[in-house]
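Read top to bottom, the protein sequences are chains S and V.
Just so you know, we're using my numbering here: the first sequence kicks off at 1022 and counts up by one.
Just so you know, we're using my numbering here: the second sequence kicks off at 559 and counts up by one.
The set of hints was computed from the structure by calculation and includes no laboratory data.
Incorrect hints may have been included.
[Claimed, not checked] Derived, one-sided and incomplete: chain V residues facing chain S with beta-carbon distance under 10 Å:
hint, residue
1, Val662
2, Leu663
3, Leu666
4, Leu683
5, Ser702
6, Trp713
7, Gly714
8, Asp776
9, Met779
10, Val780
11, Leu825
12, Leu828
13, Val831
14, Tyr863
15, Thr868
16, Phe869
For clarity, every value in this text was computed on a predicted model and none was experimentally measured.
All residues carry an ideal CB built from backbone N, CA and C; glycine is no exception.
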Amino acid sequence: VTQLANRRTAVVAALALFLLLFPMFASEFWIVSIGIKSMWLGIVALSLIFLAGYVGMVSLAQTAVYGSTGYVVANLTVVQGWPTWPAVAVAILAAVAVATVAAVVASRSYGIYFLMLTFAIGVFLFYFALQYRPFTQGFSGINGVSAPSLFGIQLTNPTNFYYMALVVATGAYLAVRHVTRTPFGLTLQGIRDGHERMAALGYNVALHRIAAFAFAGLIAALGGVLAVWYNGQISPGSIDITRIIDILVVAVIGGLYRLQGAWVGAIALTLLQAYANDITNRVNTLIGAVFVLILLLSPGGLVGIGEDVGRRIRSWRGRDPRPATAEVNTG
Amino acid sequence: VQLATGVRSIPLPRTSRAILTTVAVAATVVFVAQFTIRELSQDSAQFITIALNGLTLGALYFLAASGFTLIFGLLRVVNLAHGAFFLLGGYIGYQVAQDTGSWVLAALAGAGAIAVLGVASQQLLLRRIQGQELREALVTLGLSIIIADLALAHWGGQPVDIQTPPGLSGATNIHVAQLLYPSFRLFVLVLAIAVGVGLWLLLKHTKTGMIIRAGVDDRPMVAALGLNVQLVFVAVFALGAALVGFSGVVGASYLSLAPGEDGRYLLYSLIVVIVGGMGSVTGAAIGAVLVGLVDQFAAVYVPTYSVLVTFGLLVLVLAVRPTGLLGRAA
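Bound conformation, chain S alone:
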């Protein structure tokens, strides 16, 4: 077991070193279009994986949450001329509020009903953004959003932005991992596995689900702030059905039950989006086909396929100290 722990530490250290040194050898295209983009996409997908994997709530409303953050940041800084950091704080609060309202509406439904309701909420927010022109400026959206500077460091610089995204992503990952291990997190997993039993034990199931959703909203909001700085603008197109599906694709490719999978899926999707153009004009068709194939073939996504292969190799070599991969709970 100590051997396993050592190997694990080595892997984490190597990964950390790679991520830290990445901007030194990567081109600007790789830093920005692959590195930074997968960071924020991964953070948003992380919030979905947390909900799906640990609470049994497959939410399609995460774009609504990160979109609200983006809109508030854009409106307050560009239109109203606020300084950046207060605007960011207000935006994150607003997103958590949106998430809480969405959760209150959907907290009594489970499984497929929950999926449908959150999907309706996600698409609703898209139409509301289109319609509520005084705040969102309608179809064209709000342009000219740029990253601020922090302690004199200009975040518009790609390398600096990359490191900030890395810090936020690591923080989000550690925060979610921590929460899943607290009594609250364990209760959520209990609710995922049997909400009636948890209710019978005296837990307020609805309140826990709302709290979990609000927490996931906070995580998605962090991704939303990075996203609006990365894109420099926000419009209804940033939260339409294609984006909803993008987040889902990331989570499913990464495997809906592993937190690290969020970034595996995010890197896979950004690479696909960046390079699929060389193969075909129909990028969305390709993404859709990959998505359907992964769903049909492996419930654990790419991470699941990787683990499967790893386990086969180990068992072929005659030693596998690890238990078999857990089945996905599709609640």
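Chain V: place on chain S using the hints.
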């Protein structure tokens, strides 16, 4: 964070819940009645036009949502490719109408093509993961991206619409209100009523309908009785998909089709069946009329917030009846 330890949500006693519901319903009825009387006396032509817009739009929503709710009722498949099916049915109808000039042929082609597509996706994709509701829903969502993308590649981004049949292209004079109203929209209303009655007859008064209803209640038992449930599944999927394809042609003649419309019809079908109760055709009819009316009145009276008002309807219904108006607990 410890939210639990002994804290329990105390369910309202049945009587006080009933009182709350009654008060909410009564308040809504009074408000609607007052609003109707006031507006009718002030500008009756405008009021009736909006009401007709709401009703006919509701009819279109019902046509679209009936297929969705039928498939869900029996197969428990939430077909999120529903909007894409609608779009593709409309586009195929548009193509056929361009080539032949016949609206009826266009409608048949749209319905037929989507029925085939529906059966194909059920047999080739969904059957492999049958019973895993969430995975099925996600697969249909993936399917919807592919269909929408290919439709965009083939028909482009410009909106298209289908010429309405010659006899229905004009306007009908509604004498009571002294206004002219597009005949085709009234035809959609008639069509929706016909489809609704047809579905009701099929489900309640034929042997096939009996098998479908039995399948909704207890699938394993129907199979144990020696009936080929898989065949019934295919038939229902074909019928549901055909209805969606057909409504796509109707929708393309009523309004127009463009990339992105798939999302709108998917959203409205979802709201209609959530409000009406999942799997209930009657519920879908009530839900569609409610959503259509609320949508149109809100669009005129509170244009900046009409989306929120429609959303409010959904929230209100779910607060009073979590399973929708005519829905039963799953």
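Cross-check of the supplied hints:
Hint status for V:Val662: violated, given a least beta-carbon distance of 32 Å to chain S, over 10 Å. Violation of the interface hint for V:Leu663 is found here, the shortest Cβ-Cβ separation to chain S being roughly 29 Å, above the 10 Å cut-off. Hint status for V:Leu666: violated, given a least beta-carbon distance of 28 Å to chain S, over 10 Å. Hint on V:Leu683 holds. Least Cβ distance to chain S is approximately 7 Å, under the 10 Å limit.
The restraint placing V:Ser702 at the interface with chain S holds, with a minimum CB-CB distance near 8 Å, inside the 10 Å limit. Using the Cβ-Cβ criterion of 10 Å, the hint placing V:Trp713 at the interface with chain S is not satisfied: the shortest such distance is roughly 14 Å. The closest approach between the C-beta of V:Gly714 and any C-beta of chain S is roughly 13 Å, which is over the 10 Å cut-off, so the hint fails. The beta carbon of V:Asp776 is not positioned within 10 Å of any beta carbon in chain S (closest approach about 19 Å), and the interface hint is therefore violated.
The criterion of a C-beta within 10 Å of any C-beta in chain S is not met by V:Met779, whose closest approach is roughly 22 Å, and the hint is violated. The beta carbon of V:Val780 is not positioned within 10 Å of any beta carbon in chain S (closest approach about 21 Å), and the interface hint is therefore violated. The beta carbon of V:Leu825 is positioned within 10 Å of a beta carbon in chain S (closest approach about 4 Å), and the interface hint is therefore held. A cut of 10 Å between beta carbons decides the hint on V:Leu828: the least distance to chain S is about 5 Å, and the hint holds.
Hint on V:Val831 holds. Least Cβ distance to chain S is approximately 8 Å, under the 10 Å limit. Of the supplied interface hints, the one on V:Tyr863 holds, with its beta-carbon coming within about 7 Å of a beta-carbon of chain S, less than 10 Å. The restraint placing V:Thr868 at the interface with chain S holds, with a minimum CB-CB distance near 8 Å, inside the 10 Å limit. Annotation: V:Phe869 was flagged as interfacial toward chain S, and the flag holds, the nearest CB pair being 5 Å apart, inside 10 Å.
Figure legend: structure checked against the earlier numbered hints; hints not met, in rising order: 1, 2, 3, 6, 7, 8, 9, 10.
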